[in-house]
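Participant: Sequence lines, in order, name chains A and B.
Under the numbering used here, the letters of the first sequence match residues 1 to 514, in that order.
Under the numbering used here, the letters of the second sequence match residues 515 to 875, in that order.
For the record, the hints were derived by calculation from the structure and aren't laboratory data.
Among the hints, erroneous ones may be present.
[As the list claims (entries may be wrong)] From the structure, some residues in chain B lie toward chain A, with a derived Cβ separation under 7 Å:
| no. | residue |
| --- | --- |
| 1 | S597 |
| 2 | F599 |
| 3 | T733 |
| 4 | Y751 |
[Claimed, not checked] What the simulated footprint calls covered on chain A by chain B, stretch by stretch (three residues with Cβ under 8 Å from a Cβ of chain B suffice, anywhere in the stretch; the number is not a length):
| no. | stretch |
| --- | --- |
| 5 | 324-337 |
| 6 | 349-356 |
| 7 | 365-378 |
All C-beta atoms, glycine included, are put in the ideal place defined by N, C-alpha and C.
Chain residues, written in single-letter form:
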Amino acid sequence: MSTPLPTSGAVPYAVQMHDIVKRFPGGVVANDGITFDVRQGEIHALLGENGAGKSTLMNILFGIHAPDQGDIRIGGRLVEFSSPREAVEAGLGMVHQHFMLIPRFTVTENVILGSEGNTTMLDREDAARRVGELARQYGLDVDPHARLGDLPVGTQQRVEILRALYQGSRVLILDEPTALLTPQEVEDLYGVLRRLRDDGGTIIFITHKLREIAAISDRVTVIRQGKTVGTRITAETTPAELAELMVGREVVLRVDRKAGTPGETALTAENIRVTGHHVRTLLQIDRLELRRGEILGVCGVEGNGQTELIEVLSGIRHPDEGRITLAGQDVTRANPNVFRHHGLSYIPEDRHRRGLVLDFPLWENTLLGNTWHEPFVSGGRVNRGRTRQITAQLMDEFDVRAPNPDVSARTLSGGNQQKLIIAREMQREPDVLLAVQPTRGLDVGAIEFVHRQIIEARDRGKAVLVLSFELDEVLDLSDRLIVLYRGQIVGDFMNGEVSRTELGLLMGGRAANE
Amino acid sequence: MSSPPATSRNMIVLNVLGPILAVLAALAVGAVIMLISGHDPITAYVALVDGSLNSKRAITETLIYTAPLILGGLAFAIAYRASLFNIGIEGQLVMGGLAAGIVGAWDLGLPTALHLPLALLAAAAAGGLWGAIPGALRAFTGAHEVITTIMLNYLAYRTVNYTIQKLGDWLPVDNQFQATNRAMDTARLPIVLDGTRLHSGILIAIACAILLWYVLFRTVFGYKVRTVGLSLGAAQYAGISWRGVFVAAMLLSGLLAGLAGAGEALGLHGRHFANPPGYGFTAIAVGLVGRNHPLAIIPSALLFGALSAGAPAMQSDADVSKEIVLVLQGLVILAVAAFAAANRIPGLRKLATPRMSSGRI
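Make a model of the complete structure from these sequences and hints.
Facilitator: Structure below.
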């Protein structure tokens, strides 16, 4: 059901996908009659929650999957791609979320990869010159001779865009392109995309972030549970309407949060140093305090010491130097369960690899991290009945939707899995809560729930640390902010003291006043 | 994404019926192979049943084979539950047998109530040590247990040979016999059924299966083993010392294998022979067919025990080569594996999701 637009007919369509159906083995219907039309020369956002069918639709467009039903037209001509190569030949280009580039190759080598032709000898100089020209033409500031692995992530993404353009793409598909970028890099990307559009290029921008829709798109199509629920002109819609379309009900977009009332210090980390292989310093922290009644947000681009920080603060990894004090006790070299004993709870970044054992039933997952105390265990025995009972209570209290505590964690949706973890970590009534990427991959409804839990924990006087790669999430939740860059704290502010721009600069390694 | 939760009834049906169907399929394929090689499969299978089930003697022979296979299967299972692949059961078994044989043959002037437990303890310790070494190597150096357990198998064979051939001056071993000396009566496992060779090794094996089931599914230690086996990341998160679990699981694995060796030495033969029996490798199949569940390993071991016990009859009655039994064993493993794989195909999985982790069959 695509909404007819007042200007329709004036501008030809670049891409038309009609009534696309795709079923996967096992009966999952990823696309259930999606219609999606993109005009030439527009930036068209494709909005939907995780699992709504966005990626499947794009993989169909790009020739990776064949649709079970429906037809695709490129520039008005009916096409049937059997491989991505045919899609590229028809003028489509894909910029993947995780770049398909070779770090050891130069920019030029990466750009011409796949379109080198059948010649035995490669004229590198000629290729580099052409790549350089193309880059200048679109304002993509890249050195053709630089080694890709030495470039920042934002620049690597430009190389992906450049490659698509080099291959002659007139329709560019970007899959969640801002996931790994700093706010400044996002702005730069927007600039590049606008210039491409103004030159007559067509851009499909896949995202689940409402903020990006308003910032960059001309039109937006929303899909939900494999179906198109509407197409809107961006200027004529509101984030609230889009959120409602995306989720299927009214959504509270703003996190309702009063200022925290910081109390005594619950956890202190001093002079922490973690070194990796080749004596590289991964984490170097002079002092970090978590205070009761306060949410500390950790900002930073992925890979700047976040993993190490959390592992050290939760006892999974012992720092090479330094001291961690929890509830007045030195726990620096203690087992994670000693941290728990002294009041720490930890919502880990990866539900599937850390937070749960997917093949265990729910009640055995409740046991995870609780094998050191009653009533879960006594005398080396697992209290199965009691643990089941507690699990059932938690499921009730935290709205974990599952038939009973005996089903395996694997059968739950991501949101319910996360709720189970939160329930388990909250039931110990911790003094300190580490929430790492607490809403990754969750739908809007579940995100609301998780955010409310975190704020309520703070209001009950717990010290909370929130680490997320979604800057908006950190800004929405935190009372205080720190910025991690190359394993060091390069900024420490009260939330609101600094602008997004300043934070973005710090996240990219530049001082705020530069 | 969500598959409907299986009711426990059709789960039991599939977990019990599945392997039975797999075995029948394997026997059918085996029949075809026998037809092709010019033998009468019906005569052969009748002989197989005669030799393994059809008389008191046949049944006791099956049980005699079954005892070490249960213990070996349990040894494989406990390691596997910790995600370790113990191929060294054979080596651990012969080390246990050697220790039991030596202690059993030693005239210590002890009563049965002390001598027999001491001999069993020696076997458990020797097997446990032989298992703990690769466990510790994996935990602390990362050396893969598949490699180190195979290496330790050869070390075990040579150690047994050396002890029997060269250490006759100090230890009760017999170079002529290629075995340890005859065990004292005070160290022999009592016969369960008069007039047969059936010794109490089978009772020890069943007791161990029940005990291991309890440890794995009722104790905190078992929970930790299973957590390490399914997710190292979750184990670290839960503060479980996975290194400790690796060593402990391999130690237990070797201990059970050592007891299997002791059963042969103190029960069946009355001495430990230098020639390795090969149960340690069949045990891998027993563990896999029993899906590494301690209780399911009992019927699995019975199956392989019956195949072994019936083999000589097949050879004599149907003129089928004894190797055909090895082929049948291979087919059973393939069929059970195929069944397990079919379980992973989404359409078939709807019927049942195995929930072995919660301790049910």
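Participant: Does B/T733 pass the interface hint, meaning its C-beta sits closer than 7 Å to a C-beta of chain A?
Facilitator: holds, 6 Å
Participant: Holds or violated: B/S597 as interface residue toward chain A, Cβ cutoff 7 Å?
Facilitator: violated, 12 Å
Participant: Under a C-beta cut-off of less than 8 Å, do 3 or more residues of the stretch 324-337 of chain A approach chain B closely enough to confirm the stated coverage?
Facilitator: Per the Cβ count (3), the hint holds.
Participant: For the stretch 365-378 of chain A, does the count of residues with a C-beta closer than 8 Å to a C-beta of chain B reach 3?
Facilitator: holds (count 6)
Participant: Establish whether the coverage given for the stretch 349-356 of chain A by chain B is satisfied; the threshold is a Cβ-Cβ distance below 8 Å, and no fewer than three residues must meet it.
Facilitator: holds (count 5)
Participant: Do the numbers back the hint for B/Y751, that is, is its least Cβ distance to chain A under 7 Å?
Facilitator: holds, 5 Å
Participant: Have a go at the B/F599 hint: is there a Cβ in chain A nearer than 7 Å to its own Cβ?
Facilitator: Violated, because the Cβ-Cβ distance from B/F599 to chain A comes to roughly 18 Å (cut-off 7 Å).
The structure fails hints 1, 2 (numbered hints given earlier, in ascending order).
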